[in-house]
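Hey, can you piece these two chains together into the complex? The hints should help.
So the protein lines, in turn, are chains A and B. Sequential numbering of the first sequence, starting at 0, is according to numbering that gives the first Met the number 0. Sequential numbering of the second sequence, starting at 0, is according to numbering that gives the first Met the number 0.
Hints listed in this document are in silico derivations from the structure and should not be mistaken for laboratory results. From the three backbone atoms N, C-alpha and C, an ideal C-beta is built for every residue, glycine too. Be aware that a few hints might be false.
[As the list claims (entries may be wrong)] One-sided excerpt, in silico: chain A residues whose CB lies under 7 angstroms from chain B: (1) 84; (2) 88; (3) 100; (4) 101; (5) 102; (6) 103; (7) 115; (8) 117.
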Amino acid sequence: MPSMQPAAAPVIDGPVIDVRGLTKRYQNVTAVDDLSFAVPGGQITALLGGNGAGKTTTLSMLLGLLIPTAGRIQIFGEDMLRHRYRVLPRLNFSSPYVDLPHRLTVRENLNVFARLYSLRRPAERIRELADEFDFAPLLGRKTGALSSGQKTRVALAKALLNRPELLLLDEPTASLDPDTADWVRSYLERYARETNASILLASHNMAEVERLAADVLMMKAGRIVDRGAPAELIARYGRRTLEDVFLDIARDRRHPAEAAQ
Amino acid sequence: MSDAANSPDAAAHAPGFALSDRMSRIGAMLLRHFYVMRSSWIRVFDLMYWPLLQMVVWGFINTFLATQSSWVLRAGGLLIGAVLLWDVLVRGQFGMTLSLLEEMWSRNFANLFVAPLRPAEYGVALMGLSVIRSLIGVVPSALLAIPLFHYSIFAMGLPLVAFYAVLMMTGWAAGLLISGMLIRFGLAAESFAWASIFLLAPTCGVYYPVATLPGWLQTIAWFLPPTYVFEGMRSVMLQHVFRTDLLVTGVALNLVYIALGLAVFLIAFNRARARGQLLQTGE
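Bound-form chain B, shown alone (with noise of 0.2 angstroms):
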């Protein structure tokens, strides 16, 4: 065996900054993560089961109502499609913080940041990571949803995956601020990391207009990039009409978001590096 053909960047001249050194390390955590998933079908298997418990109650209500309710009528599978959106969100949102739990969990903290691990690659492999879980979590329940309700989320075509990415980033900023949440408080702060992002659900419309809030809940809710999103998709279904005045509303309010989440996740992992709490994540 050849040694240097073996050995790390670690013992060449520019250890570790190379742009393959940073693809292998976020690629090494998506597979510390994959090699979970395959160890535990049941970790998969709760990654789907809200979702479509969800699609599944939100779907029969969808169509009690469509029978009493013309304005949910004129759009099949309006409750369905805005279940499923918000399925996205939730399990973006969960995709990352769920990562991060599993290496408190683990104990593992120490091994990974003594490894050239940059927190900014982590950080890349968590949005990716919670990429792959939402993906998981609601493509099923989308595909059951066509022979249960004769409902495709597909049918919205391209404005889909516009919302799809919107909520995302909405997930990545939420993750990131209950990540550093985490890091900061250790596993005292998990109830806050699984029930926080439920604040959202009754402001930002997912399945009523934003119209039917008190005003002082409204002008919240514009301040919250899902908002957007569920506007625009009712816009789709009911007026056949992609707005991308809130697209583009929505996205730049997620960046602020994002930047905001990222400065809190840095402060956090540098409060705990200065507290020592990277060596006590566990219990």
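Same shape as in the complex, but just chain A (with noise of 0.2 angstroms):
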């Protein structure tokens, strides 16, 4: 997969993002509380939380989109909130919640980003994404007329146009039907594994989740409540799957450790 070959080796010494004491409030509602993690280089990390718990809303800070009320936020050692557009081309996003102009084809959307993050050759690299993601024969169709799956696949493809060495993704195979979603899962792992590239994904989705992260921030009403590799949160809750390490979380079930003391 040629086009997967990093630009250039990214140098990152410490953690590709640092996050210290991140508030977001709206009013009376707190919908991230003083949350501090970070993120290595070359992996993929997971928020992991249900509905509410401020998943989007940390995503939405990590890219600039939302300023937080407190914290600070640093993704390769910048500051994202003064030095934001010294990071923005280095990095990449996809969510179902934001929408691709639908009266552009798809060749015309992945044109038009491509030209935002410079690229010096944006047929080619459209075309290696439209092969990778088997959408080549939809490169002429109207965006708005392609299925919720195509749609999918395409605003990844986008994600992806500058190669990015962080990508941020919030809910990537939502909409999508098994086989392509496996699909999907199988191309991040290999991007991340290939380009050293880290990836951040926000999901509730359990079973992308344990097969993709190697580290889980657990979320809730807006905090990071546990935090490990998914085999370590299971075997830590004495639980069979991830999902049942989420239920007893999100039903305020006590953490085995505390209920034996």
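Take a look at the structure:
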């Protein structure tokens, strides 16, 4: 897969993402509450939590779409609040809640974003991604006429146009059938492995997180309530699956270690 | 394929800061709206429709009044020239806000602003789009007025370029103010985007001299840059004098309003970022 090769091997000392005391308040509602975490390079990390846990709010602050009430975000060692434009060319993002313009064809949309990321040969890169994501026959079709699964694949291709060193994904396999979802997960695994890119994904798809993530940040009510590799979390809670752990946390069941005391 | 050749400046040492990168991003936004126009002839027709209709109506009014009024008779096409220049202003403002509305309708804001597109580059692209849309809107009407009413606005010569520039600047200032409101209040402010520019119509003396207005309204009128254009146009058409004093004042006022519009836009943009509204720009 030639297009997966990194344009230049990222040289990063320390974590790719370093968040300290991140807080977002809307009047009386605290959406994200004093979050601190670091994401190392070349690793897939997951934000796992139920609806309203603060996953999307956290991603939005990391992207600079949302200004935090308090806290510090460093990406690639740069202060995201002060030097956002030094960082943005090196990352990308995809979310099922953000659309590409429906009236433009798939090729036109990708061409616009290729130029926004200053690609030198946009047509070649678009062709590569269309082949990899198997939507070459759809390039001339209006984006609004695609099925939701096809839209998700095109949105992922858009997110990979600039070969990001950091990929932020909100529910990357939402709306995909199991076969395509499995293919996308394999692709993301390969992408992270072969390019040494970091991926931070927000999801409540347990199977996805269990398969992809080396590290899981369990979120509830805007806070990180637990953290670890999927196997560690499962063992710590004495459960068989990550879903059981999720339910324990979501339903405020006591941590097994605490219960034993 | 050489990956290095195809890599974005993201992978280079100075990501996204070169002039070529800035031009690429501005070009991307122009291209995005060119694609929209290319995909829908009805949208292009819509740009021309109202200016054509206005020109025809005012053309016949002008023809009628020329038989009744020596003032109109003295300068053939006075009202047609006025309506064409008025449409430059309206299309200039619409051109800017329509481009922003397209992003809101398509819920594309988040994609745009996680790309390295800076607000200033976006603003330059919007200004470019406003020029393109105003030309598409007004030039066909101006051309049609020649065979239909034997009036060519192009006969004004260089003053026409100056009038066009001043009106475009006002369109940008209004466009920036309204764009700020759209970003801050979302599509709830959409009707404001279409209606607000018409507040200027009765005040800035499009079809009649400012002296016609009551005193207090004249004071307001002289704070509006288009007033200087329409007074200047009448001076060219009736007295055959191009008044640079009017032009300079119009430009100076525009600079103040553009600075104000830019400040409002940037404040609204940052407020929208603080409130998470860039993610929720749809209905």
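Verification of the hints:
1. For the restraint placing residue 84(A) at the interface with chain B, the shortest Cβ-Cβ distance is roughly 6 angstroms, inside the 7 angstroms limit, so the hint holds.
2. Nearest Cβ of chain B to the Cβ of residue 88(A): about 3 angstroms, under the 7 angstroms cut. The hint holds.
3. For residue 100(A), the suggested interface contact is upheld, since its CB lies about 4 angstroms from the closest CB of chain B, less than 7 angstroms.
4. For residue 101(A), the interface hint holds, since its Cβ comes within 7 angstroms of a Cβ in chain B; the closest pair sits about 6 angstroms apart.
5. At its closest, the beta carbon of residue 102(A) sits 5 angstroms from a beta carbon of chain B; the interface hint therefore holds under the 7 angstroms criterion.
6. For the restraint placing residue 103(A) at the interface with chain B, the shortest Cβ-Cβ distance is roughly 5 angstroms, inside the 7 angstroms limit, so the hint holds.
7. Annotation: residue 115(A) was flagged as interfacial toward chain B, and the flag holds, the nearest CB pair being 4 angstroms apart, inside 7 angstroms.
8. Because the closest C-beta pair between residue 117(A) and chain B is about 4 angstroms apart, less than 7 angstroms, the hint holds.
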